[in-house]
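Each step along the sequence shown adds one to the number in full-length UniProt numbering, with nothing skipped, and position 151 is 151.
Hints were generated in silico from the structure; no laboratory data involved.
These numbers come from a predicted model, not from an experiment.
Careful: at least some of the hints might be erroneous.
The calculated label-pair distances, taken between Cβ atoms and stated as ranges, are [what the hints assert, rightly or not]:
hint : residue 1 : residue 2 : range
1    : I204      : L100      : 25 to 33 Å
2    : P46       : L196      : 26 to 34 Å
3    : H28       : I49       : 14 to 22 Å
4    : D44       : F118      : 44 to 52 Å
5    : K50       : K120      : 26 to 34 Å
6    : H193      : Q123      : 40 to 48 Å
7    : L100      : R9        : 22 to 30 Å
8    : G17       : I49       : 31 to 39 Å
9    : G194      : L18       : 27 to 35 Å
10   : L10       : G200      : 15 to 23 Å
11   : F118      : L27       : 32 to 40 Å
12   : L205      : L100      : 16 to 24 Å
13   : K8        : L80       : 23 to 31 Å
14   : V207      : Q168      : 26 to 34 Å
Straight-line alpha carbon distances no greater than 27 Å define the calculated DSSO-like cross-link-like pairs of lysine-lysine that follow [said to hold, decoys possible]:
hint : residue 1 : residue 2
15   : K5        : K120
16   : K163      : K197
17   : K8        : K135
18   : K5        : K114
19   : K5        : K163
20   : K114      : K163
21   : K163      : K8
22   : K197      : K50
23   : K120      : K135
24   : K163      : K135
25   : K114      : K8
Every residue gets a Cβ at the ideal spot worked out from N, C-alpha and C, and that includes glycine.
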Amino acid sequence: MHPTKLDKRLLMGLGLGLSFLFVVALLHDFGPEVHLLLHYHAADRPELIKLVRAHGAQDLIFFLLLIGLLNAVPGASNSLVCILVGLCYGPAIGLAVNWLGNVGGNVACFGLIKHLSFSKHFQQNRILTNLMQHKHPLVGLTLGYMIPIVPSVLVNYACGQLKVSRLQFLLMVAIGMLPTSVLYAFGGDAIMHGDLKRLGVIGILIVGLVALRQVLGWKRHRSAN
């Protein structure tokens with residue numbers, strides 16, 4: 001029995017619509033901070049930090065759901081939201097929210113993929129081909145989750161095609177989403193404290209993750225030839 005097929009456009013529209021509602025809710029809750037930023041003076045910094053760090057569980061849940069939705073929607077990015085979470089809640093809570101949101105988004109995406117149809121163009125994507133033909137598939141998929149510029153939908157689709165077990169999938173997502181969740185959370189906290197040195201280190205590490213994909217792709221292409 002074939003699984004019921006869902007409408008991709010409808011799902012994407014629903015995901016983006018819900019994301020928009022969460023953004024509106026967060027903008028409403030962060031109204032005082034936005035007003036202060038629009039009329040910012042250096043003397044306002046202590047008050048701004050106090051206001052930002054005063055947000056509670058409701059906004060935290062909004063952030064978590066927004067991160068998950070943006071992770072699951074192809075073409076969307078949650079990087080700025082993850083950084084904002086670190087800025088608002090500090091590195092420890094920021095890391096937890098970023099990681100849980102990203103893991104949840106990938107789990108939802110993976111669960112929906114078997115109910116979706118994909119074009120031939122999508123199935124012939126070069127990144128997807130690299131993931132599917134990696135010498136060590138589980139390592140390649142885990143790295144795919146780690147690297148910010150690799151779309152999660154491609155990695156999740158590859159997991160489905162390679163028929164990885166649920167346990168393997170959860171372990172790969174849990175490990176793969178950790179590095180960027182850490183970097184964005186600590187990056188947001190560094191912005192809050194104006195720590196340029198820490199921001200520089202985090203920026204270098206993010207560039208390093210992106211460069212890792214390029215190096216691995218180049219090595220694979222070279223070995224294939």
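- Item | Numbers of the earlier hints that this structure fails to satisfy, in rising order | Of the numbered hints given earlier, those the structure breaks are 2, 5, 10, 16, 17, listed in rising order.
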